[in-house]
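J.: Each chain, written out:
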Amino acid sequence: MTQPVSPPRDDTPKLSSKAEPAPWRAVVARADVRTLSLLGVLAVLILIGGITKPDEFLDTRNLQLVLTQASVIGVVTVGMTFVIISGGIDLSVGAIVALASVWATTVATQDYGFVGVLFTAVLVGVGCGLVNGVLIAYGAMVPFIATLAMLASARGLALQITDGNTQVVTIDGILDLGERDSYILGVPPLVLMFAVVTIIGWLVLNRTTFGRRTVAVGGNAEATRLAGIDVRRQRLYLYLLSGLCCGIAAFMLIILSGSGQNTNGNLYELDAIAAAIIGGTLLSGGRGTIVGSVLGVLIFTTITNIFALNNLQSDVQQIAKGAIIVAAVLVQRRTANTT
Amino acid sequence: MAPEPPLLTMSGITKSFPGVRALDGVDLDVLTGEVHCLLGQNGAGKSTLIKVLAGAHQPDDGTIGWRGEQVTLRSPIAAMRLGIATIYQELDLVEGLSVAENVYLGHEPTSAGFVVRGKDARASTAALLKRLGHPEIDPARLVGELSAAHQQIVSMARALSHDVRLIVMDEPSAALDPDEVDNLFRIVGDLTADGVAVVYISHRLEEIRRIGDRVTVLKDGRAVAGGLPAKSTPTSEVVALMTGRNVEYVFPPRPTHQDLPEPVLEVQGLSRDGEFESLDLTLRPGEIVGLAGLVGSGRSEILETIYGARKPSTGQVLVGGKQLKAGSVRAAVAAGLGLAPEERKAQALLLLESVTRNVSVSSMSRFSYGGWLDRTAERDAARKATRELSLRPDNPSALIRTLSGGNQQKAVLARWLLRGCRVLLLDEPTRGVDVGARAELYAVIRRLADEGLAVLMVSSEVPEVLGLADRVLVLREGRVVHRAPAQELDEHRVLDLVMEGSPAS
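Sequence order for the protein chains is L and D.
Under the UniProt record's numbering, think of the first position of the first sequence as 1, with each following residue one higher.
Under the UniProt record's numbering, think of the first position of the second sequence as 1, with each following residue one higher.
Derived by calculation from the structure, the hints in this document are not laboratory data.
There's no promise every hint is true.
With the Cβ distance kept under 7 Å, some of the chain D side facing chain L (calculated, not the full set) [unchecked claim]:
(1) Val329
(2) Leu339
(3) Gln347
(4) Ala348
(5) Leu349
(6) Leu352
(7) Val361
(8) Ser362
(9) Met364
(10) Arg366
(11) Ser368
(12) Gly371
(13) Trp372
(14) Leu373
Listed next, with one range per pair, are the computed distances between beta-carbon atoms [unchecked claim]:
(15) L:Leu65 - D:Asp60: 46 to 56 Å
(16) L:Arg207 - D:Arg483: 48 to 58 Å
(17) D:Asp190 - L:Leu36: 58 to 68 Å
(18) D:Asp60 - L:Gly50: 42 to 52 Å
(19) L:Tyr138 - D:Arg483: 34 to 44 Å
(20) L:Gly50 - D:Phe17: 41 to 51 Å
Taking lysine to any residue and the SDA-like style, the derived pairs with C-alpha atoms no more than 20 Å apart in a straight line are [claimed, not checked]:
(21) D:Lys130 - D:Asp190
(22) D:Lys219 - D:Gly12
(23) D:Lys345 - L:Arg225
(24) D:Lys325 - L:Arg225
(25) D:Lys325 - L:Tyr138
(26) D:Lys345 - L:Leu282
(27) L:Lys53 - L:Ala320
(28) D:Lys311 - L:Asp230
(29) D:Lys325 - L:Arg232
(30) D:Lys311 - L:Leu282
(31) D:Lys119 - D:Leu97
(32) D:Lys311 - L:Tyr138
(33) D:Lys322 - D:Gly452
(34) D:Lys219 - D:Thr14
(35) D:Lys345 - L:Glu222
(36) D:Lys384 - D:Ala443
(37) D:Lys311 - L:Ala140
(38) D:Lys311 - L:Ala221
(39) D:Lys345 - L:Ala221
(40) L:Lys53 - L:Leu67
Because the structure is a prediction, the values reported are computed rather than measured.
Note that beta-carbon positions come from the ideal geometry of N, C-alpha and C, so glycine has one too.
With the rest of the complex left out, here is chain L:
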């Protein structure tokens, strides 16, 4: 019934060719706007801190403390950012940090010294990530459910191991890393570790096939599968990566507190998700940046610090965090709509 309608050779769709450089520039400009606005928020916070508590906030020790606190959750957030960009979620990060930190600080583990603790923390993190990844990628479980189950089990196991007790670290090599003597040019080793994880995370996301596949899976998993990429294996790797970050964070927490506790990493999952979201990562996947997430972490940690210095209780902090998440998402929606 269809007659061949004589289509002509149409050389150019006029509108799109005229607008050629615009979309590209818009993306760059918007990325900049997003990063700049996060930097702006951070600057305002520092200003507020400097004005309200000039002596205490701007004190070197306090700034070192803020950065150190940001480091542990920051490492977790880097892993979380990858997972969210791929269209997933990892609710178990806090529980994995707790489990890894207590498993690595049992008396038996500490017998193996520094390396034993580090190795155990990382291995427990990766192991939990492996379970998450297998369930999600090959068991076709929804990430929310699979990692929720891991959250509950890992916390439970952490409690079982410690029986509710704090496991004190007795290895000098670990404890020394938390001391001021080991600061390098005034920078705590934990902050350096965070910086290294951030840089590696950025490179992996932006410069490797792994990062590219992560973004592709989050943007359109079906199209990625039909393009010949092993989407399931990529998903498995992503939860492994998140687990690895949790293991590293657990080790950092052990250095920071000189102990392992089953209550470690409480609500890290929410803080990490919130930091990634205000950093511009789409919860639906397909877009996100490491820089944004790290700025998100710094913003949250700075707020917590300022509030604490001003003797405001944690309830007020929580309310402020909630408000910031809403504001950030609203602002981002607006910038997204202008195209």
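Mind docking chain D on chain L? Use the hints.
T.: Structure of chain D alone, referenced to chain L:
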């Protein structure tokens, strides 16, 4: 009696988006009970115009008259209250709700203002479906379980559930089989007999000739002709208006194949329960083979099974003489197969990403050293592939979603070109590609074949299969009922075969 004023008068409608003036002073008037066709290439402004009419976009300038009075369509609800209903191309139904719940979504019959009278809704839905010629659709079924054609009927029932005076249909026939299209036209005829006006958008000119009363042609956001008689305006004139130039056709000439090389793709006894049965097929480098058949004849399923996206019940696929691992896309891609799927946006494109990244996604390992991407090499290679297909704009960083349908399809082809694939599987290669760009796409496909690719294509548009393919396999209910060189078939013969299914001799 004074002559009735037009039902709808849109005049001087202007609408700009950042960077684009989508509508530039468009006039459109629609009379009571007429079928008014809206023609134009993709990007001509049709969608924007009907969105203004549906209250989904606010015009920057211009006036809308409705039954002699000036109105403002602030929202889709406001338009619906006046009696303007729109059936969008991308159906906007809720798959998890029943047919009746979809039809009455937002204006459910209720008791005491909030208790939904489900039985009433189902009864009146059944009546609407009967009026639409589809009494077999159960109002209690979930919409997600229905075929695309039936979903469209539900959309139409939803429009009719309002007291509607004007229905806008955006390419309603795109997803329909010929007999479904006949039913659609019967419905349109009934509606107009009841005094309802229809604004009908289609790429298929002969449909417009069959049911249209008048035609308005849009080009680059302007109405270049308004109210032409649909039946008597010559096709060449309409096409010339749409494209702004005169045209000749269309399908590239077929090369005369002397002796083709050994088959690159062999399909042996491939079956999938309930979809298609014992398919045999050989494909040689340099030739284009077409599968013709109705929606539901198993066409897309065949391509996806060959490609490994679905697992066959029996049978095997050989590429270059080697058997492919069944149900593995990765094995198929590694062996040199490439698929341009039917649902381009859902199945092929990374919509948030640039052209380069869409093109390179299947060949990333070529630009990586231990996982580290050489982005310059990637970009250059992608640009080379897209240039070879004259993809526009010639900007590897352009976001894929800003491209026209034809250029998006070229990006998908470039992906496989870059991968160095040997067999190209094309599922509805010109779906969503406007008339003007199709010929160029046909030429590209033929050129790729001439360069040694084997092409297996599927299309619901029979002339496309006949015009482009060397050989044609006619499918009916999952079985091949006829095989012949394309020159030996004509459209009537194919449609006869498709519907009657006289078995292959």
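J.: Run every hint past the structure and note whether it holds.
T.: Verification of the hints:
no., hint, verdict
1, Val329, "6 Å, holds"
2, Leu339, "6 Å, holds"
3, Gln347, "5 Å, holds"
4, Ala348, "5 Å, holds"
5, Leu349, "6 Å, holds"
6, Leu352, "5 Å, holds"
7, Val361, "5 Å, holds"
8, Ser362, "5 Å, holds"
9, Met364, "5 Å, holds"
10, Arg366, "10 Å, violated"
11, Ser368, "5 Å, holds"
12, Gly371, "5 Å, holds"
13, Trp372, "6 Å, holds"
14, Leu373, "6 Å, holds"
15, L:Leu65 - D:Asp60: 46 to 56 Å, "55 Å, holds"
16, L:Arg207 - D:Arg483: 48 to 58 Å, "50 Å, holds"
17, D:Asp190 - L:Leu36: 58 to 68 Å, "59 Å, holds"
18, D:Asp60 - L:Gly50: 42 to 52 Å, "47 Å, holds"
19, L:Tyr138 - D:Arg483: 34 to 44 Å, "41 Å, holds"
20, L:Gly50 - D:Phe17: 41 to 51 Å, "43 Å, holds"
21, D:Lys130 - D:Asp190, "13 Å, holds"
22, D:Lys219 - D:Gly12, "15 Å, holds"
23, D:Lys345 - L:Arg225, "14 Å, holds"
24, D:Lys325 - L:Arg225, "16 Å, holds"
25, D:Lys325 - L:Tyr138, "19 Å, holds"
26, D:Lys345 - L:Leu282, "19 Å, holds"
27, L:Lys53 - L:Ala320, "19 Å, holds"
28, D:Lys311 - L:Asp230, "16 Å, holds"
29, D:Lys325 - L:Arg232, "17 Å, holds"
30, D:Lys311 - L:Leu282, "33 Å, violated"
31, D:Lys119 - D:Leu97, "15 Å, holds"
32, D:Lys311 - L:Tyr138, "17 Å, holds"
33, D:Lys322 - D:Gly452, "19 Å, holds"
34, D:Lys219 - D:Thr14, "14 Å, holds"
35, D:Lys345 - L:Glu222, "10 Å, holds"
36, D:Lys384 - D:Ala443, "18 Å, holds"
37, D:Lys311 - L:Ala140, "18 Å, holds"
38, D:Lys311 - L:Ala221, "19 Å, holds"
39, D:Lys345 - L:Ala221, "12 Å, holds"
40, L:Lys53 - L:Leu67, "18 Å, holds"
Violated hints, listed in ascending order, are 10 and 30; each of the other numbered hints is respected by the structure.
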